[in-house]
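Those protein sequence lines, which keep their order, are chains A and B. Throughout the first sequence, residue numbering follows my numbering, covering 1 to 279 in sequence. Throughout the second sequence, residue numbering follows my numbering, covering 1001 to 1336 in sequence.
Treat the hints with care, as some may be off.
As the list claims (entries may be wrong) - Think about it this way: if two alpha-carbon atoms lie no more than 20 Å apart in a straight line, the pair counts; the simulated DMTMM-like pairs of lysine to aspartate or glutamate are:
no., chain 1, residue 1, chain 2, residue 2
1, B, K1048, B, D1023
2, B, K1063, B, E1047
3, B, K1090, A, E44
4, B, K1063, A, E42
5, B, K1158, B, D1185
6, B, K1264, B, D1108
7, B, K1090, B, D1315
8, B, K1090, A, D175
9, B, K1158, B, D1324
10, B, K1104, B, E1273
11, B, K1065, A, E44
12, B, K1195, B, D1172
13, B, K1259, B, D1023
14, B, K1065, A, E42
15, B, K1264, B, D1103
These aren't lab readings, by the way, just hints derived from the structure by calculation.
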Amino acid sequence: MLSAIAARRRGSGLGFAMPAILLLLAFFVVPVAALLTRSVTEPEPGLQNYVTLLGNSTYARIFFNTFFVSAVVTLITVLIAFPVAWALAIMPRRWAGVIFAIILLSMWTNLLARTYAWMVLLQQTGLINRSLMALGLIDAPLQLTNNLVGVTIGMVYIMLPFMILPLMGVIKKIDPAILQAAALCGATKAQALWRVLVPLAAPGIASGALMVFVMSLGYYVTPSLLGGTANMMLAELIAQQVQSLLNWGMGGAAAFVLLVVTLGLYAVQLRFFEPGEGR
Amino acid sequence: MKTKLVALATAAVFAAQGALAQDMVFTSWGGTTQDAQMAHWAAPFTEKGGPAVVADGPTDYGKIKAMVEAGAVSWDVVDAEYDWALQAGKAGLLEPLDFTVIDKTKLDPRFVSDFAVGSFYYSFVLGWNPANFTGDQPATLADLFDTAKFPGKRTFYKWSAPGVIEAALLADGVAPDALYPLDLDRAFAKLDTIKADIIWWEGGAQSQQLLASGEAPIGFFWNGRLAALAADGMPVGISWDQNITAADALVVPKGAANKEAAMKFIAEATSAEGQAAFAATTGYAPINLGSADLMDPAVRATLPDAQTAVQVNADMAYWAEHRDEIGNRWYAWQAQ
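Turn these sequences into a full structure, and let the hints guide you.
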């Protein structure tokens, strides 16, 4: 009986997914394909957009910035999110609920509003610099916006929930008794962390990191407001080319490169962490 | 019952579509500028028997191009930068204006062309926060580039557009009548000398915030934004020396659904009354030569109109011709 239901479910799964698939096809796949076509047809047929994009030192720098910022943001997000997810998993349920609500609430607040809030906090005459100066910790204001520091702070904050949620899902399933067992077998705390907890949570770390890294690659608002032009990222380049210079060919080429990288990363993740494992 | 409801709903949808088809859409940059445009242009236009005007925005050149190419143009009149308008007219993205409806004899000839008329004109001016400079106050564009005399971050318009490159050249000693063709190498070399101290502003509100907070105590601003700060009671320094004019244009995207109404709307917007009322509210200058007589002389004195003696006109035709070339170089330089 149960297996019959399971079989039927498997068979009709595609039907349930159909509305979403059609929606994506009409409003995502088709426009993306059109943009990609433009990248090899505008201003004239050929690969010149890709040659310019991959051969020019300015664009190379923008590619590097994009990956570098995304990697830094992902790393810091993992380091901050892991203890939070662990704490949420072992906390009394009521407290965990409150903290979880706070995390979700931050996600529901408008992105632009949150980024402007960081601008106000981080700028030279902002709250953080003024407080530090009033306390006598620094003499001159620190440069916290219009550079990499600002982008990293703003993006880590925005990405945290996307790391905490998948991590929590995995960590919750880990039986705390395993750690007791590790301790009983003589493992130090560090050993229990690195050889028991982290490997068990690895699928959560991997899916969270992939999500954060890929989202960071295409991020626009936060880098544009908190970063300087010297840390320009790919999404800004695409916006500039399409909106300001009406150069859809180049914009499309940049978008295509970004898409290929993203799909490549996804393929790597599928290869090493198959969906379902550890869940 | 159910069929009745369906019929009713269908009728309502069609009625709503009918209303939409008659309304015309005016797209601009949002904020206080578009509010003033709606109040002083759209409201009288509708009152005088024109269709209702729906505000949309912000202006997005990529979107205009996409709408025109797809043959589905939902914007009837758009406020765009003048140099872009000249370029877009040549590229076939705009409707030619109907000068039997729009009376161009009264308009400032600097801002009239086949596909675009001025929406308003403004000046880029040197502005500073007096709280940050106790001694000498900045006075010239050269001071804007002098970080020894006036230390601190300076803020400039982020996007490639007429203004900042001209300012760099003027500060470097180029005579106003020798600006064009622009010597880009020289301009970027001058900008390089202060590059580490530049904070870019993307929109008017941000420029005001940077100046008021002292984050960037000096910079190069749209005159209307400084006027608004001063009107709010903030002490603000303005130097009109070598103020650089640029303009916005009113254009009709090719294939706009309400072309006729669009031409009438532009006629109303560029009328002496419409331009005078808009100028008084925003601090930007009218492009109708008859507006000056309708305005309070005290208000007039605060507009770029009163500063023509020390004014430098950005060459819109030159920019329209070289927009892409300068833009590519500008953004590449910024990213370096």
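Broken hints, numbered, in rising order?
Checked against the structure, the hints that fail are numbers 2 and 8, while the rest are satisfied.
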